[in-house]
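**Student:** Protein chains in written order, with this note's numbering: chain A, 81 to 292; chain B, 3 to 346.
Watch out, some of these pointers could steer you wrong.
Claimed, not checked - Reference listing, derived: stretches of chain B covered by chain A, where coverage requires no fewer than 3 residues with Cβ under 8 Å from a Cβ of chain A: (1) 41-49; (2) 56-65; (3) 148-161; (4) 281-288.
Think of the hints as simulated: they come from the structure by calculation, not from any bench.
Note that the Cβ used here is the ideal one computed from N, Cα and C, for glycine as well.
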Amino acid sequence: MQSLVLDTSGPFTTVLVISDGKLSTLSTVQDRPAEHLHQQIASCLDDVSLRPQDLSRIAVVIGPGSWTGLNIGVTTAKTLSQVLEIPLVPIRTLDALTIHCAPRVWGIMHAGRHRCYYAVYTESSKSEMDVLPINAVIEQIDSETPPVGIIEYGETFSHHFTNHQHYQTTDRLSPEALMTAADETPALEGESVKLLTPAYLQPSHVERDASL
Amino acid sequence: MLILGIDTSCDDTGVAIVDSGQWILSNVIASQHAAHERFGGVVPVIAAREHTSKISFILESALSQAGKSFSDLDAVAVSHHQGLMLALVVGVSAAKSIALACDIPLIGIHHLEGHIYSNYIGRSDILKFPFLCLTVAGGHTLLLKVLSHGNYELLGHTRDDAAGEVLDKVARHLNLGVPGGAAIERLALNGNPSAYGFPRPLINRSDGEFSFSGLKTAVIAAIDRNPNLNQADLCASLQQAIVDLLVTKTMLIAERHNLHQITLAGGVALNQTLRNALQYAAQQRGYDFFTPQQDLCMDNGAMIATAAYYLYKERGADSLDIDTLANAPLGIMNIRYRHDSKYQ
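With the sequences and hints as input, model every part of the structure.
**Tutor:** Below you can see the structure in the form of structure tokens.
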């Protein structure tokens with residue numbers, strides 16, 4: 081089975097090809113996905129002598145993350161899935177972020193305007209992702225005993241966690257995490273692929289201001 | 003040659019399938035008016051989200067209306083230049099994915115070239131180079147001499163706002179909803195076009211330059227001075243001022259450059275008063291006047307697919323890493339964006 085995995089959620093654009101559970105090629109560039117994502121996909125497929133028709137699944141990071149990056153990644157994955165008639169695996173950013181972390185961990189990332197996306201992962205379950213002001217999230221994290229792990233996508237909030245031993249930050253989702261997430265997440269087919277939109281979770285700032 | 007054309011440059015998701023630049027097999031346009039209505043204008047981030055959520059369905063319905071599948075396509079075309087950046091990238095991502103998955107040529111089209119070619123559909127044997135094209139929309143007002151495929155000369159343009167911008171902003175000031183141009187046209191039907199003597203900037207200048215910002219300010223100031231004024235009269239007077247400006251300048255340039263075929267394109271070309279006025283003025287001088295059918299005036303995929311058919315022969319295919327630009331030079335003459343005048 082050949083899977084293509086796309087991540088355009090952050091400053092790095094990552095393309096992977098997985099062949100029968102093993103990573104066959106990887107490309108990560110810090111560049112504008114609007115221009116280069118498709119050439120990057122074509123080069124990755126060339127590297128392993130595959131044609132697009134040989135793919136059996138496409139996985140894509142659906143967010144949260146860069147608004148435009150996600151629009152590009154999700155549109156690309158949806159269209160490839162539609163043309164090639166193959167299933168699409170929607171990976172949530174925080175799922176991939178926390179995948180190889182210690183059992184109880186908070187995955188967090190910047191949601192703009194001092195707000196924070198977060199989800200709590202334990203060995204057996206994960207909480208639904210939500211958005212709160214960063215101070216409210218820190219309050220909840222501090223009330224946990226024993227202390228929990230925190231992993232942030234980006235480093236916007238690092239200055240809030242200087243006293244936390246178990247805080248770590250990353251600027252990209254690792255290939256291993258993307259592979260595991262692509263493997264563990266149920267795939268979508270048919271109409272549900274066409275209905276897929278990025279997991280922005282919160283409305284745009286324009287809509288938020290309008291509703292205040 | 004079967005080309006699928008995509009346009010997501012602003013708030014319409016347009017996908018069409020056109021055979022050899024002549025026969026439209028399908029032309030599907032999904033407007034986002036409802037999503038933007040409460041903001042009084044197009045919000046780029048929302049436009050991008052709407053394109054992303056609808057694009058698969060629009061592609062599917064364009065193919066099924068044409069009775070075709072992806073494997074029947076010979077090329078895919080997309081407007082990648084000129085428009086809202088956030089919105090353009092969605093159509094470009096979809097087009098590149100189709101080109102990659104179907105292994106067919108990708109053809110990038112300047113959005114304004116699409117509008118020029120909207121007049122070419124089904125008229126390739128009547129319309130002869132060079133001809134004059136007046137493009138009037140929410141973001142553009144310009145007069146181009148179309149010399150040959152992909153080769154244009156700029157003969158006139160707006161110094162500031164586009165004509166459609168004036169209609170949109172006045173409509174918003176009157177709370178008429180979107181699209182503003184259509185609402186103003188409806189009200190104007192029952193109004194007196196001479197009720198208000200709005201300014202007609204630069205109308206006596208003997209060149210192709212337009213200016214609409216002063217007109218916009220004058221109309222909005224008139225509304226603010228007297229909120230109870232007759233809206234129908236105001237809309238009719240505004241519409242007349244815009245029509246006078248566009249007709250006068252277009253005829254001036256057509257005469258000066260000896261261009262006997264005049265085409266009108268862009269969203270404002272939907273305005274029946276403007277169509278009639280240009281038709282009449284052209285007839286008086288013995289010129290031919292052409293304008294596209296209604297669904298080809300607004301942003302659509304058919305004009306992109308048609309432009310691609312002719313321009314592919316001239317320029318060939320593009321690579322998968324073509325860029326996406328909000329403002330881009332147009333055509334072989336490199337008509338270019340400049341900070342002090344929009345096109346030159």
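**Student:** Using a Cβ cutoff of 8 Å, are there at least 3 residues of the region 41-49 of chain B near chain A, or does the coverage claim fail?
**Tutor:** holds (count 4)
**Student:** Quick check: do three or more residues in the region 148-161 of chain B have a beta carbon closer than 8 Å to a beta carbon of chain A?
**Tutor:** violated (count 0)
**Student:** Are there three or more residues in the region 56-65 of chain B whose C-beta lies closer than 8 Å to some C-beta of chain A?
**Tutor:** Coverage by chain A holds here, the residue count being 5 at a Cβ distance below 8 Å.
**Student:** According to a criterion of three or more residues whose C-beta lies within less than 8 Å of a C-beta of chain A, is the region 281-288 of chain B covered?
**Tutor:** violated (count 0)
The structure fails to meet hints 3, 4 from the earlier list, while all remaining hints are met.
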